[in-house]
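If you read the sequences in order, they're chains A and B.
The first sequence runs 1 to 484 under the numbering used here.
The second sequence runs 1 to 484 under the numbering used here.
Just so you know, the hints here were simulated from the structure itself, not pulled from any lab data.
You can take every hint at face value.
The list treats identical chains as interchangeable, and a pair is accepted whether it falls inside one copy or across any two copies.
In silico DMTMM-like cross-links for lysine to aspartate or glutamate, where the CA-CA straight-line distance does not exceed 25 Å:
hint, residue 1, residue 2
1, 242, 9
2, 439, 183
3, 439, 290
4, 341, 117
There are 2 protein chains.
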Amino acid sequence: LAQDWNFGEGFPPRNIAIVGVSRTEAASAPGYTGLGVLCILIQAGFPGNLYPVNPYASVIEGLHVYPKLTSIPERLDLVIVTVPPAAVPEVVRDCVDAKVLNVQICTSGFSETGQEEGKRLEEEIKRIAIEGNLRIIGPNCIGFQIPSARIQMHADTPLVPGPVAFISQSGGHARIFLLRGPELGLGFSTAISYGNALLMDSTDFLEYLGNDPETRIICLYLEGIKDGRRFMNLVKRLNRVKPVVIWKGGLTTSGARAAVSHTSSLAGDRKIWDAFFKQTGAIEVSSVDDMANVTMTLLRLKPSTGNRAAVLAAGGGSSVATGDICTQNGIELPPLSEQTKAKLLEFISLVNQGVANPIDVPNVVMDYPGLVRAYELLAADPVVDMVIIHLGAEFFMGRILDAMVELQKHVLKSAGQNHRIKPLLVALSNEGQVRDTQKYEQQLNEFGVPAYGSLQSACRALNRFANYHRFLAESKAQNDIVSG
Amino acid sequence: LAQDWNFGEGFPPRNIAIVGVSRTEAASAPGYTGLGVLCILIQAGFPGNLYPVNPYASVIEGLHVYPKLTSIPERLDLVIVTVPPAAVPEVVRDCVDAKVLNVQICTSGFSETGQEEGKRLEEEIKRIAIEGNLRIIGPNCIGFQIPSARIQMHADTPLVPGPVAFISQSGGHARIFLLRGPELGLGFSTAISYGNALLMDSTDFLEYLGNDPETRIICLYLEGIKDGRRFMNLVKRLNRVKPVVIWKGGLTTSGARAAVSHTSSLAGDRKIWDAFFKQTGAIEVSSVDDMANVTMTLLRLKPSTGNRAAVLAAGGGSSVATGDICTQNGIELPPLSEQTKAKLLEFISLVNQGVANPIDVPNVVMDYPGLVRAYELLAADPVVDMVIIHLGAEFFMGRILDAMVELQKHVLKSAGQNHRIKPLLVALSNEGQVRDTQKYEQQLNEFGVPAYGSLQSACRALNRFANYHRFLAESKAQNDIVSG
Numbered sequence: 001l002a003q004d005w006n007f008g009e010g011f012p013p014r015n016i017a018i019v020g021v022s023r024t025e026a027a028s029a030p031g032y033t034g035l036g037v038l039c040i041l042i043q044a045g046f047p048g049n050l051y052p053v054n055p056y057a058s059v060i061e062g063l064h065v066y067p068k069l070t071s072i073p074e075r076l077d078l079v080i081v082t083v084p085p086a087a088v089p090e091v092v093r094d095c096v097d098a099k100v101l102n103v104q105i106c107t108s109g110f111s112e113t114g115q116e117e118g119k120r121l122e123e124e125i126k127r128i129a130i131e132g133n134l135r136i137i138g139p140n141c142i143g144f145q146i147p148s149a150r151i152q153m154h155a156d157t158p159l160v161p162g163p164v165a166f167i168s169q170s171g172g173h174a175r176i177f178l179l180r181g182p183e184l185g186l187g188f189s190t191a192i193s194y195g196n197a198l199l200m201d202s203t204d205f206l207e208y209l210g211n212d213p214e215t216r217i218i219c220l221y222l223e224g225i226k227d228g229r230r231f232m233n234l235v236k237r238l239n240r241v242k243p244v245v246i247w248k249g250g251l252t253t254s255g256a257r258a259a260v261s262h263t264s265s266l267a268g269d270r271k272i273w274d275a276f277f278k279q280t281g282a283i284e285v286s287s288v289d290d291m292a293n294v295t296m297t298l299l300r301l302k303p304s305t306g307n308r309a310a311v312l313a314a315g316g317g318s319s320v321a322t323g324d325i326c327t328q329n330g331i332e333l334p335p336l337s338e339q340t341k342a343k344l345l346e347f348i349s350l351v352n353q354g355v356a357n358p359i360d361v362p363n364v365v366m367d368y369p370g371l372v373r374a375y376e377l378l379a380a381d382p383v384v385d386m387v388i389i390h391l392g393a394e395f396f397m398g399r400i401l402d403a404m405v406e407l408q409k410h411v412l413k414s415a416g417q418n419h420r421i422k423p424l425l426v427a428l429s430n431e432g433q434v435r436d437t438q439k440y441e442q443q444l445n446e447f448g449v450p451a452y453g454s455l456q457s458a459c460r461a462l463n464r465f466a467n468y469h470r471f472l473a474e475s476k477a478q479n480d481i482v483s484g
Numbered sequence: 001l002a003q004d005w006n007f008g009e010g011f012p013p014r015n016i017a018i019v020g021v022s023r024t025e026a027a028s029a030p031g032y033t034g035l036g037v038l039c040i041l042i043q044a045g046f047p048g049n050l051y052p053v054n055p056y057a058s059v060i061e062g063l064h065v066y067p068k069l070t071s072i073p074e075r076l077d078l079v080i081v082t083v084p085p086a087a088v089p090e091v092v093r094d095c096v097d098a099k100v101l102n103v104q105i106c107t108s109g110f111s112e113t114g115q116e117e118g119k120r121l122e123e124e125i126k127r128i129a130i131e132g133n134l135r136i137i138g139p140n141c142i143g144f145q146i147p148s149a150r151i152q153m154h155a156d157t158p159l160v161p162g163p164v165a166f167i168s169q170s171g172g173h174a175r176i177f178l179l180r181g182p183e184l185g186l187g188f189s190t191a192i193s194y195g196n197a198l199l200m201d202s203t204d205f206l207e208y209l210g211n212d213p214e215t216r217i218i219c220l221y222l223e224g225i226k227d228g229r230r231f232m233n234l235v236k237r238l239n240r241v242k243p244v245v246i247w248k249g250g251l252t253t254s255g256a257r258a259a260v261s262h263t264s265s266l267a268g269d270r271k272i273w274d275a276f277f278k279q280t281g282a283i284e285v286s287s288v289d290d291m292a293n294v295t296m297t298l299l300r301l302k303p304s305t306g307n308r309a310a311v312l313a314a315g316g317g318s319s320v321a322t323g324d325i326c327t328q329n330g331i332e333l334p335p336l337s338e339q340t341k342a343k344l345l346e347f348i349s350l351v352n353q354g355v356a357n358p359i360d361v362p363n364v365v366m367d368y369p370g371l372v373r374a375y376e377l378l379a380a381d382p383v384v385d386m387v388i389i390h391l392g393a394e395f396f397m398g399r400i401l402d403a404m405v406e407l408q409k410h411v412l413k414s415a416g417q418n419h420r421i422k423p424l425l426v427a428l429s430n431e432g433q434v435r436d437t438q439k440y441e442q443q444l445n446e447f448g449v450p451a452y453g454s455l456q457s458a459c460r461a462l463n464r465f466a467n468y469h470r471f472l473a474e475s476k477a478q479n480d481i482v483s484g
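So that you can see chain A by itself, here it is in the shape it has in the complex:
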């Protein structure tokens, strides 16, 4: 039976010891050596005490080095272990003796290798930790990024605080989300890479983040789960308060094989996970980009269950593709009301253009007053829940970026006066030569315009956003019936 580890004591850590810090290391050393971890924390400006541990050194990076954990003069919130696999059990014993609150084992080479020696060492660590009541994160993990506490996970992941938490069984996926998120305006409360989950699992971290006031959305990348029942009940409860967004890796045969080799995880069955998502209402995604888009949408848009869009596009063939892509990705493009069409035709010529939905108006999107007029007419149509502008990056080189930012200000100003305001969104085209797409996506997001790198990703995110709010509304209705 899985144990409840009450993760959170000593978190965020106010002091950190790192076991296995060399004085120097070869240029070819892999990224997560003890010295590397130490340098990242120093560079991040971690304000608490840092204790390098190495019996053969006295000063490293200007810090006093301790020969062993028990010689450190204060109780430790977190010990990061980076020694080779065979030396880990002894360090874990030292952690028990020093009454350490949390131990993060970065070292790889355990059960995920599939080899006997690795499995044996992992079992030994488990036994020592359970007997000593020691909280182990990992092994085979990269640990934490906590921007508000100036704890950094990778050398290149910027410390941007914010409401998003990420619990990830992969340090690589955590790095990508921590790099990508800020491009969409997302900041992080805590990101956790927890590897093999020998003792503490996603459920433990989820419980902690559910109670964390800084965290408003919880994202997870999972390969395996130790206690499915406890995890499901927790997600079911939390998802009503803080959206839970999950990428479940390894749901195909070859993905599952890779999950065994990566974190020694048993990936589970597609059918079980389908039932899980249906019952909990958690939001399923299938990549980090997907996760970032859904999270951005949940944070930026006011709650809505509507999935009907009006799309402004430029180009006839492109508009046909726009219609197909929206429909195939769960966003409905309703025919506009006759009144809206008539009003659009007051200033839109039909030569080379069209006012079906998608509205194919290359001339209008180039022109700020026309854009405002079109937006207002579309937003006033009761069949429309949102207005999407779908254009290639080349359109943003000129004045359109400014026009879009102005329009967004106008939309937000109107929002104060009108509760039925419809969101304005930009989906960049990813067809053809797309070199600047990500640049404009980032700029638009910086200026507060929710922007997506492709129409596919926009529709996928908007569809799941609406489904999430529909799930909440239906659950609430059911609860009201039960309690009424």
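Take the given structure of chain A and dock chain B to it, following the hints.
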């Protein structure tokens, strides 16, 4: 009943007249004015006679201007019409009088507007052309790009000759393919934008390109089809000799609505098209990028029906995603044989790495001798049909680009000695910060390494490549039985 127009007489054109060329035009004029078309042809270095037609001018762009078509001293292969809609019927009458071989009507504002006047004008043009036995391309189209004849469609589409033909009901999609293709090393025989297909339809162009010796692959973007039976029989026959790649737009309700508004096309039903693809073996794609990837694959790889890959990747979480993406997109990742695994383990450490398939080897992919050794072991395994290297763009900043190019040379050299050679492919990762992905994709393709912008697009293209060759093999087997 649709007529067979015997398209091809006077093609590629050796002379071109353009009706509706102004001396100057406002900077705000749309792209496809008569003067614009003339300037593009001059800039492209079209070697034949160019005849601007305008009753009120004598010299434009240094060329003698003719007052009307019948005053031009030679028979015309192609007349391009750019006058406003109401003036088109008279120009078409002049074309009949001048016994013009082909007429391309760029002008928009006909049946695609849904308005009575446009429909009436289109019917009038149709009547005149049928009575005069005149080949009409368009209206509402952009015409031709024929690199070998120095005929250019858009001001920015480079003239790169080659074996790919593109028949497109959208000038915008044609532009994107003509821009994107050369980045993947694709050159074009002919691209045709034919708009409303008032008289000449995709089937007519398909017949012509089927007989064109320069064309080896025929791609189509279709909104509607006039004569489904004739089209299907032609595709069925041609596809065995020249692969036929089709993007059918408007297969959803809102896509179909946009198709009516774009080219006045009736888009047809998903079920009918499913049956069409099943019977003809034509390759279905769903975007220009998709089309470009499939075409590149068909041109670069030797015929093969195999869909089993070994994937070299870097990163544990990324490898799980790799397995899932391949499986979900029709590429199988078989478990490697025990012998292959044992040989890989002779030089691959399992710490932070794995030799499941995907093979997660961040250290190996950074190292040319290791890469060659891994490729050779994987290629020698009978369960493997191809080797895919799946890495983020960041890996290519260093020495990997060179290593990959060296390895490709090595593969091609070995191919001379060994007929069972397995292709080497690169799929760049599109997760996270992807600014340089397209740059490295282009560089790899320039150096002859088939490279794709994402693993999804690689698998989708490779899957359809294998299916195409399986269709050919099965049809051949059936024919052999029938004739045997």
